Structures are given as structure tokens and as C-alpha cells.
Amino acid sequence: MINSKVFFQGLKSLKGSRSPAIPLAACFIALGALLKDAGFNLQQSAASSLFTYALPGQLVMAESLLVGASILNIFIAVWLVNFRLYPMTVSLFPLLVHKSQPKWKYYLSCHFLAVSSWLIAKDSYKKINKKHRIDFWIGVGVGTWSTAILMTIVGYLSAEYLNKDMMVGLAIVNPVYFFCMMIGAMKNISISIAVIGGAILGPAIYLYTTEWSLLFAGLTAGSIAFVFGEKNGI
Amino acid sequence: MESSNIIVLAIVVTSFATFISRLMGAITSEKVSVKSKVFNWFNCVAYSTLAALLGRMIIFPAGVLAESTLIIRILVLFICISIFLYSKKNLVLPTIISAILLFVFTSV
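One line per chain: the protein sequences are P and C, in this order. Under numbering that gives the first Met the number 0, think of the first position of the first sequence as 0, with each following residue one higher. Under numbering that gives the first Met the number 0, think of the first position of the second sequence as 0, with each following residue one higher.
Please keep in mind that the hints were generated in silico from the structure rather than gathered at the bench. Predicted, not measured: the structure shown is a model, and the values here were computed from it. In this text, a Cβ means the ideal position worked out from N, Cα and C, and glycines have one as well. Don't take every hint at face value.
To spell it out: a stretch of chain P is covered by chain C in this simulated footprint if at least three of its residues, at any positions, have a beta carbon under 8 angstroms from a beta carbon of chain C; those stretches are [unchecked claim]:
hint: 1; region: 1-12
hint: 2; region: 21-34
hint: 3; region: 43-52
hint: 4; region: 134-145
hint: 5; region: 150-161
hint: 6; region: 193-200
What follows is a list of derived Cβ distance ranges for each label pair [what the hints assert, rightly or not]:
hint: 7; chain 1: C; residue 1: 71; chain 2: P; residue 2: 3; range: 44 to 52 angstroms
hint: 8; chain 1: C; residue 1: 33; chain 2: P; residue 2: 62; range: 20 to 28 angstroms
hint: 9; chain 1: P; residue 1: 103; chain 2: C; residue 2: 7; range: 21 to 29 angstroms
hint: 10; chain 1: P; residue 1: 67; chain 2: C; residue 2: 15; range: 17 to 25 angstroms
hint: 11; chain 1: C; residue 1: 68; chain 2: P; residue 2: 231; range: 36 to 44 angstroms
hint: 12; chain 1: C; residue 1: 62; chain 2: P; residue 2: 1; range: 46 to 54 angstroms
Here are the simulated DSSO-like cross-link-like pairs (lysine-lysine), alpha carbons at most 27 angstroms apart as the crow flies [said to hold, decoys possible]:
hint: 13; chain 1: P; residue 1: 14; chain 2: P; residue 2: 130
hint: 14; chain 1: P; residue 1: 186; chain 2: P; residue 2: 129
hint: 15; chain 1: P; residue 1: 126; chain 2: P; residue 2: 98
hint: 16; chain 1: P; residue 1: 98; chain 2: P; residue 2: 125
hint: 17; chain 1: C; residue 1: 36; chain 2: P; residue 2: 102
hint: 18; chain 1: P; residue 1: 11; chain 2: C; residue 2: 36
hint: 19; chain 1: P; residue 1: 186; chain 2: P; residue 2: 11
hint: 20; chain 1: C; residue 1: 36; chain 2: P; residue 2: 126
hint: 21; chain 1: C; residue 1: 87; chain 2: P; residue 2: 98
hint: 22; chain 1: P; residue 1: 129; chain 2: P; residue 2: 98
hint: 23; chain 1: P; residue 1: 125; chain 2: C; residue 2: 30
hint: 24; chain 1: C; residue 1: 87; chain 2: P; residue 2: 230
hint: 25; chain 1: P; residue 1: 129; chain 2: P; residue 2: 14
hint: 26; chain 1: C; residue 1: 34; chain 2: P; residue 2: 230
hint: 27; chain 1: C; residue 1: 87; chain 2: P; residue 2: 186
hint: 28; chain 1: C; residue 1: 30; chain 2: P; residue 2: 11
Just chain P, same shape as in the assembly (with noise of 0.2 angstroms):
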């Protein structure tokens, strides 16, 4: 049903100096203080990784509790800041397309689609065999989101052991990593493009409106892009 040699090269993808587990243990271990701070007890701590598993949302979230927010908001706030999954599941997916494998996979492993777990699979589908990859898609979705649920319980539990610095400083580890990550997926003029494009009309279009700043700089730069690598022919 999942090749397991491919299964277990996905979730090795933790290990070694490319590793996403330590940004994603501070993220999380961040995100689990937090919860506690925001009224959540383990076991719901627990399940918002779980079944979530999308750190910008669950911070909406909490912050949207925090100030008493209706669930109405919360739906529209997290269904906004999480709508970046939408494209980056397109442009994923159908690099790992088989037609022997069965669509189940397809349907279930979508939920492993985080920002790491995409990086990661852009970075190295191509060492992959196509009939396999969807299974290396899989090892690579639950090491890191199991790491996600993992670290979520240490951070809830290690919550009276960290003082704000260290949080701050655990705070900054995950922009950094996905930051470099991204240039380091900058091969090709258009997505070097889309990435600087992306990083400058984010906080600029954020000035003028918080919460769809992210679908229309997302929109305005990668169209940019787009376009350009179009009319280069790259």
C-alpha cells in the first residue's frame, strides 16, 4: 500500500543539516506556551496541532480567543491567513501524481501541507521515483507533523520553565528558517521575483488592510512573476 523505504527517506528528511525539526520544535514549543497562556489544557493544546497543523492559523486563533472574537471571525481570519495552503497544494500535488496510486492518499496527505513539508518536497521530489513519490510526500508530512504535536505538549508543559526572552527567541527561529529556505529555492528569475515581490507588498499591503494583505500581495507579486517568466521564456 505505501513503499516503505520511500516512506522512511520522507521522514529522514529530519535529520541532517537541512533539518526543518529544530524551527518547527521552536515554533511549536512557542505555540504550546502560548495556548496554556490563552486558557487551552493539553489535551486541547494537543489537538490544535493535530488537526490544525498550520502555525499562522492556530496563532490567529488564540490571539482571536484572546480578545473575545466571535467564531464567525475566527473562521473568516484563519480561512484567510491559511489560504496560501490553496496554491501551494496545487503547485505540489501535481508533482507527485501517479496514476497507479490510489487517490485516498492524495485526499488524506493534503492535511501534512505546512510550510516546511512543502519546502522540503519542492526541494527534493526530483531524487524521487514519480511512481513513489506520493510515499515519500507521506514520510515527510508525518515526521514533521508529528514533530508539530510533539513539541506543541513540551512547550504546554515547559510553559512556566521559559521567561519572554527565550520566547522571543524562539519566535524569530521560524521566519528565519523559511527565509532561508526560500532563497534557497530562488533558481529562476520568476520565483526570485515572486519571493522579493511577495516579501515587500506583504507588510506594505498590510498597512492598508491586515487581514487580506496576504491573498492580494500573494496574488499581486506571484501575477507579477508570473508574467515575467512568461515573457522570458523561463
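Using the hints provided, position chain C relative to the given structure of chain P.
Chain C alone, transformed into the frame defined by chain P:
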């Protein structure tokens, strides 16, 4: 409503709001060929949306990261990107150093 019930409801709503984007992506990708222009466009939009999120996390952070100043965050980011480029794209080194640098800068 009891606060524990509100938390459970918030987890359910958050998980649902997140999973629909993933599932819609998986369904849409069945009709998208790797060699098509649509795929290239989605790829560019995915990278730029992600970069927009990261840019926002550094410039306008939510949560505890807002306790540090913008200059310090940008300084730490540039030092760590330089380490990444000079260490043959090692990702573990810059991430560990980023936490230590920010911890030191904010506590002095």
C-alpha cells in the same frame, strides 16, 4: 457558552477553515498538468504568498516577537541569511544562531 466549549469549537472551526484550502488544492491539482501555464502561475503565487507571510512576520509580527525592535529583527535576519549562504546552505546553524542572537539582543 462555557469557555472550554468555546475553545473546542474554535479548534474545530480553525481546523475546518484550514483543511478546506488543502482539500480544494488537492482536488484542483488533479486537473492541473505540471507543464501547464496554470501550474507555473500557481507556483509563483504560492511562493509570493509565503514570502508575504514571512515579510509580515518580520515587519509586523504577532505575539511575543513584537517585544523585540524592528532593527534587531532585521539585523538578526541578515546575519542568519549570511550564515546560511556561507555555510553551503546549512539550515540548522542559522536557525539556532537566530534564537541565541535575538535572546541576547533583547535581554541586554
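Failing hints, ascending?
Checked against the structure, the hints that fail are numbers 1, 4, 5, 8, 12, 18, 21, 24, 28, while the rest are satisfied.
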